[in-house]
Amino acid sequence: MRLQDPQSTVSFTFDGRRYRGVPGEPVAAALLAAGVRLVARSFKYHRPRGIMSAGSEEQNALVTVGRGPQAEPNVRATVLEVSEGLEVFSQNAWPSLKHDAMAVNDLMSPFLGAGFYYKTFMWPKPFWEKLYEPVIRRAAGLGGLSGKANQDRYEKAFAFCDVLIIGAGPAGLMAALTAGRAGADVILADEDTAMGGRLLREVEDVDGQPGPDWAAETIAALSAMDNVRLMTRTTVTGAYDQGTYGALERIAGLRRAGKPLECFWRIVAKRSILCAGALERPIAFPNNDRPGIMMASAVRSYVNRWGVAPGKAVTIFGNNDDAHRTARDLVAAGVKVAALVDCRDDVQVDGDFPVYTGAQVVATKGRRALERITISHAGGTRDIRTDCLAMSGGWNPTVHLTCQMNGRPTWQADIASFVPTPGNVPGMVTAGACNGAFSTAACLKEGAEVAAEVATGLGLKPKVTVPSADDSAYRISPLWAVPGQGRKWIDFQNDVHVKDIKLAAQENFRSVEHMKRYTTQGMAPDQGKSSNVVALAVLADATGRGIPETGTTTFRPPFVPVSIAAMGAGSQGKGFAPERLTTSHCASVARGAPMIEAGLWYRPSYFPQQGETHWRQSCDREVRYVRNAVGVCDVSTLGKIDIQGPGAAALLDFVYTNTFSTLKVGRTRYGLMLREDGHVMDDGTTARLGEQHYVMTTTTAAAAQVMRHLEFTLQVLRPDLNARIMSVTEQWAQFAVAGPRSRDLLNSVLDDQIVDADWPFMACGAVDVAGVQGRLFRISFSGEHAYELAVPARYGDSLFRLLTAQAESYGGGAYGMEALNVLRIEKGFTTHAEIHGRTTAFDIGMDRMISRKKDCIGRTAAARPGLIDDDREQLVGLKAVGAVKQLTAGAHLFAQDAAPERVNGQGYTTSVAYSPTLQTGLALGFLKRGSARHGEVLRMVDHLRQIEAMVEVCDPVFFDPEGGRARG
Amino acid sequence: MRITCPNCGERDRREFYYQGDALALTRPAPDAGPHAWDDYLHNRDNPAGDTQDLWFHEAGCGAWIVVNRNTVTHAIDDTRLAATVKR
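In order, the protein sequence lines correspond to chains A and B.
Taking numbering that gives the first Met the number 0 as reference, the numbering of the first sequence is continuous, increasing by one, and the terminal residue is 967.
Taking numbering that gives the first Met the number 0 as reference, the numbering of the second sequence is continuous, increasing by one, and the terminal residue is 86.
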């Protein structure tokens, strides 16, 4: 029921029915205004549930918003803003909210108590996984995911400030005002749509004017300050190390209008002030979960802020003075108060409504919504007709953020609740209700004073002026659970009641953490925000301990649920990883080359030509280009590291197993790099361009790792060496020109002709290409007479086009990764398929490359007996010799007569190719004592792909073992 | 988590690569024997309290940094360039 007619309304639907709401108000308010009380079914027993709170702590009114891929489950109707066309659905009910078939669970509740599945479904054992668990999972739960990809947009953002103020109630507003006026860089974040906290929900004056007016004035003053940033709809969800905070912002305005739905903030603050307020806690009385039973503070929120009366005849049940203002506000708003029930004897309440002191609610009635309650008092019991019961068990300071870094809160007996322990989060201080200061005057004062202290600590000179406000005391007499028949709910979201907690204690789950896991109290999206203290009190009572000794469970981030989509915003699809493109990318794509990922790089797989229907045809042709004429391949993705300085040679001698100080200027050498534990890290060639100038190449995959390793060597292991390194991978475009006609091709593009006498195998030096200074290396990864030509990256595209056009005129052309791989396998050259992290120099037949004349990284460890054992698996070549010619990588090797089982394994294959040169299937692999077993025939078995072939062991260099083609 | 790079100031931990225990700074001599090398390569303490480890400011200046931090409180009390640390 609305107290006044709204100026404008919009329409939305709930379970398909159309309702009117005021723009900006929560869906919960609009539903209450329309008299809708049943909005949800509970998690386990499918009990009818209504709206319980008016904030993010809502446990009952979880709904699904939207449909299809955009459906978002478990949205709290108490924070979901009404907008035109909004579609809202109830959850966890079938076929309908009113007639939920699973409500049968409630009838079976005697069998479904805490830990029931540990006991009831023990036998027969196999039934658990196949039957019981799936059935239980289907029966219990909240909203479901659509299973489709989320198409909504989410954002992430970063912010930095001097002071982050969390919560903009009276304490937060005063803190922001004080810190802001002192000149601090302030962020004030509040999860509500408007700032003001309880000032917007209570009838109270501040500085002689109504609370909402004072709040509006203060917000206007803050907005005028350049050094203050106001963030509404922003929940600070977590406190992390070194002053980092996570915050979730719900973006204002129409949902699905192309704007992001949510933004996840990472805020770095020098200091923070927690002004998060307090949450009202329920009282556990029999059947206290019927729709219509809600928190007293929520009733005031709906009446005072949203102009909605949650009932026609409201009863109030409380244990503290604060509950009385509910009756006062309802009367002022013209809503009937059916009764005020206070459990305390010695209270004085004036009002034109029945007051029962020393009384308790002992029963409630009403199938789908509250109709009647029964109270017990000194004079006996009495039935009261009421459609809304406002309960107040007192307030729990919102201490959660202070406990997220392993801190525990402190019990404060006079308010019967926990308050933050100072210093729990470095850099964070607390003020106001979250600190146990419940009156408005105390909140304003603490906010100002704490902010002044913080500002002073930042070297500023703050002034403290505190406005006048209500300072009445908060008198509470703890009341946790009312005795009597029936289930007394504590954790509404997880359907945990008093008996469950007593059962946990009885079965010796007496530790609060054990009780939590046994009963599930405090789990799920709500994380026990409202239920925790009551549950602890009941456990303390059941175990005969005090509440402080019982302790709390651990509060973990996030304070409110954060969607993975918000946390991972920007990291979907193309945003998942950066793409690195070579200078020849456009030319390759234009030639129809399928691009494959190599680390972050994209490289051409092959270059199809007209008439070719299978990649193998293209690949075989490209291999023949290189073996018979000339091929061109972009090799710019290999890491290129420029190394300079007087200590450059010594650095290389220390990171490579072999010696580079003896390398002549103008020459290149193959180098092998080990990890300190003796296994191979990477390999590649390094050219000496000058006395103190080298350029190292790494494999594409290990470029970053090698860079890190070299910096580690220079800074950590050998700071005595005077050398500097720099990655120049992006600066140079480099192309392999390989094949018998490679020299001819180069001479057609270089400004000065080259001859073999000046450019022997492994030579390097400067050359000019069409007036551009480049570098030429006579190195070969194909086993052919070959070069690599490098030019500054801006010339890469035109050089690639020039080289490929020239190559075509010599009967060759561009080749891609597939052909490159075949060429290197034919020559037995290794890649990271072979040097995969578990292989040693010994394993790949390069142990003699470890120089005995000097120390190098990995040398000592590589000499460990286990790493040079003859029994180790060593690199071999394998040729298909049986009827099956197809070899596969990752297959295992067995003796011909042995069963293909793990215990009989002799080795495995790492790389395979069909060799158009040798016209057979080839593989590289590792085989126990492999170098001594050439000529042996083995069984290759690929259990995964169901392939078995006979292979002959041979030298890994299948083609041109003498190497004459590369050197000639 | 924020780490103060001696060159760049306080930065988000995502700019850094984590290596491990700072005992990497004291590489044994080649002839130090198998036990010394085993300790250097593999054996690590798992302290509840102060620890020293190496981080690489990979998405920053490229400095290797010795970070003194507490594994219980997560407090970082000192960061120094590895190249200048006495060993």
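Don't take each hint at face value.
Simulated crosslink set (BS3-like; lysine-lysine; CA at most 30 Å straight-line) [to be verified]:
(1) A:K269 to A:K460
(2) B:K85 to A:K853
(3) A:K311 to A:K155
(4) B:K85 to A:K852
Have a look at the derived ranges for each label pair, beta carbon to beta carbon [to be verified]:
(5) B:D38 to A:P547: 57 to 65 Å
(6) A:K853 to B:D11: 53 to 61 Å
(7) B:D11 to A:K335: 51 to 59 Å
(8) B:R12 to A:L943: 35 to 43 Å
(9) B:R43 to A:G889: 27 to 35 Å
(10) A:M0 to B:D11: 50 to 58 Å
(11) B:R12 to A:S95: 45 to 53 Å
So these bits of chain A aren't anywhere near chain B, every CB distance computed over 12 Å [stated by the list, open to error]:
(12) M101
(13) T243
(14) D349
(15) E506
(16) G545
(17) T612
(18) E710
(19) V715
(20) M725
(21) N820
(22) R863
Hints listed in this document are in silico derivations from the structure and should not be mistaken for laboratory results.
Given the structure is predicted, the values throughout are model-derived calculations rather than measurements.
Cβ atoms here follow ideal geometry from the backbone N, Cα and C, with glycine treated the same way.
These are the hints, each one checked on the structure:
As the CA atoms of K269 (chain A) and K460 (chain A) are separated by approximately 17 Å, the hinted pair is consistent with the 30 Å bound. Pair hint K85 (chain B) plus K853 (chain A) holds up; C-alpha atoms about 25 Å apart against a cutoff of 30 Å. Using a Cα cut-off of 30 Å, the hinted pair K311 (chain A) and K155 (chain A) is violated, with the two alpha carbons roughly 45 Å apart. Between K85 (chain B) and K852 (chain A) the CA atoms are separated by roughly 28 Å; this keeps the pair inside 30 Å, and the hint holds.
Between D38 (chain B) and P547 (chain A) the CB atoms are about 46 Å apart, so this pair departs from the stated range of 57 to 65 Å. Hint check: K853 (chain A) to D11 (chain B), Cβ distance near 40 Å, so the stated range 53 to 61 Å is violated. With their beta carbons about 57 Å apart, D11 (chain B) and K335 (chain A) fall inside the hinted range of 51 to 59 Å. Our hint of 35 to 43 Å for R12 (chain B) and L943 (chain A) holds, since their Cβ atoms are close to 39 Å apart.
At roughly 32 Å, the beta carbons of R43 (chain B) and G889 (chain A) sit within the given window of 27 to 35 Å. At about 51 Å, the beta-carbon gap between M0 (chain A) and D11 (chain B) stays in the expected band of 50 to 58 Å. The beta-carbon spacing between R12 (chain B) and S95 (chain A), approximately 50 Å, falls within the hinted interval of 45 to 53 Å. Distance check for M101 (chain A) against chain B: the nearest CB is about 44 Å away, which clears 12 Å, and the non-interface claim stands.
In this structure T243 (chain A) is not separated from chain B by more than 12 Å, as the shortest Cβ-Cβ distance comes to only about 6 Å. With a least CB separation of 53 Å from chain B, D349 (chain A) remains clear of the 12 Å interface cut-off, as annotated. At the 12 Å boundary, the C-beta of E506 (chain A) stays outside the reach of chain B, the nearest C-beta of that chain being 32 Å off. A cut-off of 12 Å between C-beta atoms confirms that G545 (chain A) is not in contact with chain B; the least separation is 27 Å.
The claim that T612 (chain A) lies off the interface holds: its Cβ sits roughly 45 Å from the closest Cβ of chain B, which is beyond the 12 Å cut-off. For E710 (chain A), the requirement that its beta carbon stay farther than 12 Å from each beta carbon of chain B is not met, with the minimum near 6 Å. Here V715 (chain A) does not stay apart from chain B, with its beta-carbon only about 5 Å from theirs, under the 12 Å limit. Non-interface call for M725 (chain A) relative to chain B: violated, since the shortest CB-CB distance, roughly 9 Å, does not exceed 12 Å.
Every CB of chain B lies more than 12 Å from the CB of N820 (chain A), the least distance being 30 Å, so the non-interface label holds. Separation of R863 (chain A) from chain B is inadequate, the least Cβ-Cβ distance of about 7 Å not exceeding the 12 Å criterion.
Consistency note: the structure conflicts with the earlier hints numbered 3, 5, 6, 13, 18, 19, 20, 22.
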